Structure formats: structure tokens, C-alpha cells
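Take the given structure of chain A and dock chain B to it, following the hints.
So the protein sequences, as listed, match chains A and B. Note that the working numbering numbers the first sequence so that position 152 is 152, with each residue one more than the last. Note that the working numbering numbers the second sequence so that position 183 is 183, with each residue one more than the last.
Just so you know, these hints were derived from the structure itself, not from any lab. Computed from a predicted structure; not experimentally measured. Do not rely on the hints blindly, as some may be mistaken.
Note that identical chains are pooled: a pair holds if it fits in a single copy or bridges any two copies.
Only pairs whose alpha carbons sit at most 30 Å apart, straight line, appear in this in silico DSS-like list of lysine-lysine [unchecked claim]: (1) K119 / K58; (2) K119 / K247; (3) K247 / K273; (4) K17 / K58; (5) K247 / K58; (6) K309 / K146; (7) K17 / K309; (8) K309 / K13; (9) K58 / K13.
Protein chains: 2
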Amino acid sequence: MSFDKPSRQASEKPHEKLAAHLAQDLTAVNALIRDRMSSEHAPRIPEVTAHLIEAGGKRLRPMLTLAAARACGYDGPYHVHLAATVEFIHTATLLHDDVVDESAQRRGRPTANLLWDNKSSVLVGDYLFARAFQLMTDADNMRVLKILSDASATIAEGEVLQLTAAQDLATDEEVYLQVVRGKTAALFAAATEVGGVLARADESVVTALHTYGDALGIAFQIVDDLLDYWGSEQTGKNVGDDFRERKLTLPLIKAVANADATERAFWVRTIEKGRQEEGDLDHAIALLTRHGALEATRQVALDWAERAKVALDVLPEGEIVDMLSDIADYVVARLR
Amino acid sequence: MSFDKPSRQASEKPHEKLAAHLAQDLTAVNALIRDRMSSEHAPRIPEVTAHLIEAGGKRLRPMLTLAAARACGYDGPYHVHLAATVEFIHTATLLHDDVVDESAQRRGRPTANLLWDNKSSVLVGDYLFARAFQLMTDADNMRVLKILSDASATIAEGEVLQLTAAQDLATDEEVYLQVVRGKTAALFAAATEVGGVLARADESVVTALHTYGDALGIAFQIVDDLLDYWGSEQTGKNVGDDFRERKLTLPLIKAVANADATERAFWVRTIEKGRQEEGDLDHAIALLTRHGALEATRQVALDWAERAKVALDVLPEGEIVDMLSDIADYVVARLR
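Bound-form chain A, shown alone (with noise of 0.2 Å):
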């Protein structure tokens, strides 16, 4: 077995399976990345960028992308443009959240604001931004383009929201749903969504491959924010990170929204006037068990898979589709 083609095996994660179903596209996406990088005149922006994206993320929404494009039967080269959009947006997006909260690490690394300064992570983003731009401008299809520019709209409003909610107890289920379709489901949405338009497939297909990635999105971060609380040294989740930084997520909003008064107090006290002291976070754990609030997380979690599965019983039989079934199923087993 080499590690520039994987052989698949039974004991193989889905999303590794589908990346060794499509080696030879992500050879592509990662040399045109590697590509539009770089810049003539600034050294800074490829040695801030390599640093995020060569740090081994699963490159999870450009397969998703080109696994979209490839089950709709397209066989030209722009989904590979595409596909590096996506993770140029996501990249952007991460720089520009590490700066707002602040973050120290990432992937089990130093974040680049605290390896460069904000600085550099702020408009090494703009740069990303840009080029993602420019990358999707390459496919010469308007209707790709408003998909990601909406796409890309919707991810900013949706940090803002994300800012605005935090701290704030008031912040309902319908909230969180909007901010977390902002933070993370639009863009997964927008990645299968393109791939279908790119291959001209029936609107039927690509409403289904839209859905597919909105459940899908929303399923992951649902997930994301229950390991938050949930973790393990496996899932390589920092726990807590949420409690301190008084990030309003679905565990905790069904937790306040049981809490009696003495439980009320200690969220009002924890979340919105942020006065923690050791044990807290224990404490806060205890408190979404005994209300049953991290079941009732998981299980909103699966339900979203199920659609998300579901949505693709419209797309034609085939290898990818089962694999993209099966991510579905993945994303949610981390909760095992």
C-alpha cells in the first residue's frame, strides 16, 4: 500500500474510501491549490496558507464536490476548480475565525494568528477569499457563481449571528439551527449543490444534492458541538472550549431551556456574566446529563444523517452515492 494511492479496505473510513475513489481528481485540486496560493509578491500569503492547509484536513467539502459532480456523470476538468473554491472559502473562513475567537490551536497546531500576528491571518484570508473568486470564475457558469457568492453570504451572516448569540440565554433552538447553517451547512450545501449544476443534472438531482449537503452540514456540527462536551482524546476535541468561550450550542440551549431556578442561576452566572471558576465546567457537564440534554443533541443529530441519507434516493445508483450515503452515517458514528 502507498500513501499516494490508497488501497481500499474494509476497515477503511467512508470519506477515506471515497478519497481513494477519487485520487486522481484530488491529485488535481491539490496542485491547483498548491498553484493559486502562491503570490508573486507577498511570501507571507503561501507560508500562512501552507501552514493551514497542508495540515492534514480530510479535504472533506471539495470531495464533496467532486464526488456531486462525478455521481452526475460529469467528466470535464471544472469541478476541480470548484472543489479548491470550497476549500479556499473554507480556509479564509478559518483564518478569520481563529483571529475572532482567539484560538491558540487548530489541528493539534499553533493557529496562524498566534504563529504570524492577526494581522497576517486577517488578510491572508481577504487573499483566499479572493482567489476563490477568481478559482470559481474559471468554471464560466453564473448560476455556480451565485451559488457560492450566496453561499458565502450566508457563512458571514451567520458568524455575526454567531457573535451577537453568544452569552446570550435567550438563544433558541431556531437560533442555533440558523447559525450553525451559516457556520458550517452552507458551504457544505453550496459544494454538493455546484457539482450538480456543473453536470447539467436534472433540477430534481440538484435540489436533492443541495439537501443532502445542508443535512449532512448541520449533522456535523451538531456532532462538533456535542464532542465539545463529550469528547474524548480520540475525537481530538479540546472539551470545554464552547463552556468557556459562553458559545450558546444545542446541548446547552436544552439544558437552560429544563434549568429550575438554582440551575438558571449558575448558567446566568457561567455564560452570561462569563464569571467561571474551577469545577464549572463539571458542573455544567453533570447538568446536561441529568437533563438529558446530550441524548436529545445526539439524537437530533441522527435525524438530520436520515435526511441527509435519504435526499439521495432521488440521485441515480451508483458507488459514490453509496459512499456519500454512508459519510452520512460516518459523521454521526463519532458519537459511538
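For chain B alone, kept in the frame of chain A given last:
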């Protein structure tokens, strides 16, 4: 004379004359900006944006797009969308600039990063940038999209280049010109060029409009950098900001090139090492004057303004073209 419809007077400044001539278009641009900066879910967005967009900017960039389209005989509605696009890109850049420069004031008012926080400035800037791309897809013109996404990448690249070139005495006039093209001229040039493209003008006219915008932007930025050492209360510039931020602008580059050993030690201490003391700014201005650096910089700005005017010779004669020519004169007239 009413504020809504300024009458034309002999004493009017050229950009005011142009604004009066384009009053109806500008009203449409302002309405579109207000509409598109709104957000159903995140009220923080229009708050931050309104603070900046309604702070009394001259709307010079969007006017250039309107003027270029009209000068080429365009009579459709989409020059308004592209003008709003250009203003959104400009505003997004300002929001991020103020975070990067840690500015406290812009146009005589506290900056958004000071009134809200850096997080809001970063994310609302991203939102406006995404909105800009949505707006430009309205015009349904792929060439326009390529021009504006290329310009956006050049802008971000110029900002990163400025970041790494600051504090570096080796920065020469060539690097300075690249920075200026990025931070200012790229958007001016794109603003005028897309007006011509939208109007389906001859290639020679489109090229001339690009050349005009590029040269005008360069002249504009050189004058801005000069006023940082040569300003007065009247110009609204805060003298010495660039010196304090250790930016290598043209006056400084010219003075450093002619410095003797003692003077070079002064520049190394104040700009490279950033150890500035009381009286250093006055001494810096004295050195700039002694070496004729201010006068030489002024001459470079005049040359670029002249190039802008010469480029207009290709365009069909008309009132708007005369006003564009007057604007090139006016940009450097701030120096008298």
C-alpha cells in the same frame, strides 16, 4: 439649493459636479447599498456598515463606475449594481484595514473596531465582501466578474505586501508602486474598466478606462501619503500617522535613498527599530524637506495625474469625460 439636488456652481469641486450630473444614478446606488447591507438575522451587520457607509465618504469609486458606463453610452440598470459592488469592496477593505492598523479614527469618527470590536469588523467586512460578489453576479457578465475578482486578489495581495514591507528600509519605489496599485489603484482601475465593459465599449476604450483608473488611483494614493507629512487641518489628515506606523511611503523612500550615515541611523532607529522619541516627527519632516523628497513626490503624483488625463483622449468627447479629466487635476490640487 437643496441638499438632495445640489445645483452646479462655478466654485463646485469636480467630484461634486460629477455627483450632481449623476445624481439620479447615485440615488439608486445609495438605495441599493441600504437594501443589500441589511441582514434579516444579524442586526449587527447594518449597524456597523451604516456607521461607515454613511460617514460621509465621497463615493468617488462608485461614481467612477457610473461615469465610465455613462460616458460609453450605457443605458441599462446594472452600472448601479457594479457601483454598489465597488463601494462594498471598498468598505470591507476599510473595516479590515482599521483592524490591521489598530486605528481609532476614520473620517473624524471613531472606527468600528473601537465602537464594537475587532471581531465585528472582521466578520462584517467578510459579509460585505460576499455581498459584493452577490451584487456583481446580478449584472450577469462573466468578464466583469473576472475583472472584479482579479482586483480583489490584487487588493489583498497589496495589503499583505504592505504589512511585510513596513519597517523595512530596503523597500524601494518599485515595491511601493506595487503596494499602491494593490491598496488603491486596483479598485479604481476595476471601477472604471467594468463601466466600459458593461457598456460594450471598444477594446481601446476599455483599456483607456483601465489606464485612467490605475493612474488616477496611484496619483490619489501618492497624494494621500504626501499629506501624511505635508497635511494641514484643512485636509483632514492626521499628520505623522504613517511615520508612527513605520510605513515606507514614497517621501520616506526618497529621503532614505539620499540619507547620509547619520540620517540613516535616524531612520533605522525610528522606522526599523520603532524607537521613536518626542521631536522625531519634526526631524523626519526636516529631512524630507532638506532632500527635496516632498517636492519630488509631488512631481510623481502630478505625472500620474497627467497620464490619467492623457488616457482619456481615446474616449468620445463629452461632458462626463471632461469631468473625469478635472477630477485627475483635483486629486493633486489638494497639494496646493
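Here is how each hint holds up against the structure:
no., hint, verdict
1, K119 / K58, "both (27 Å within a copy, 27 Å between copies)"
2, K119 / K247, "both (25 Å within a copy, 15 Å between copies)"
3, K247 / K273, "within (12 Å within a copy, 41 Å between copies)"
4, K17 / K58, "within (12 Å within a copy, 56 Å between copies)"
5, K247 / K58, "within (25 Å within a copy, 40 Å between copies)"
6, K309 / K146, "within (26 Å within a copy, 37 Å between copies)"
7, K17 / K309, "within (17 Å within a copy, 61 Å between copies)"
8, K309 / K13, "within (17 Å within a copy, 63 Å between copies)"
9, K58 / K13, "within (12 Å within a copy, 57 Å between copies)"
The structure shown violates none of the earlier numbered hints.
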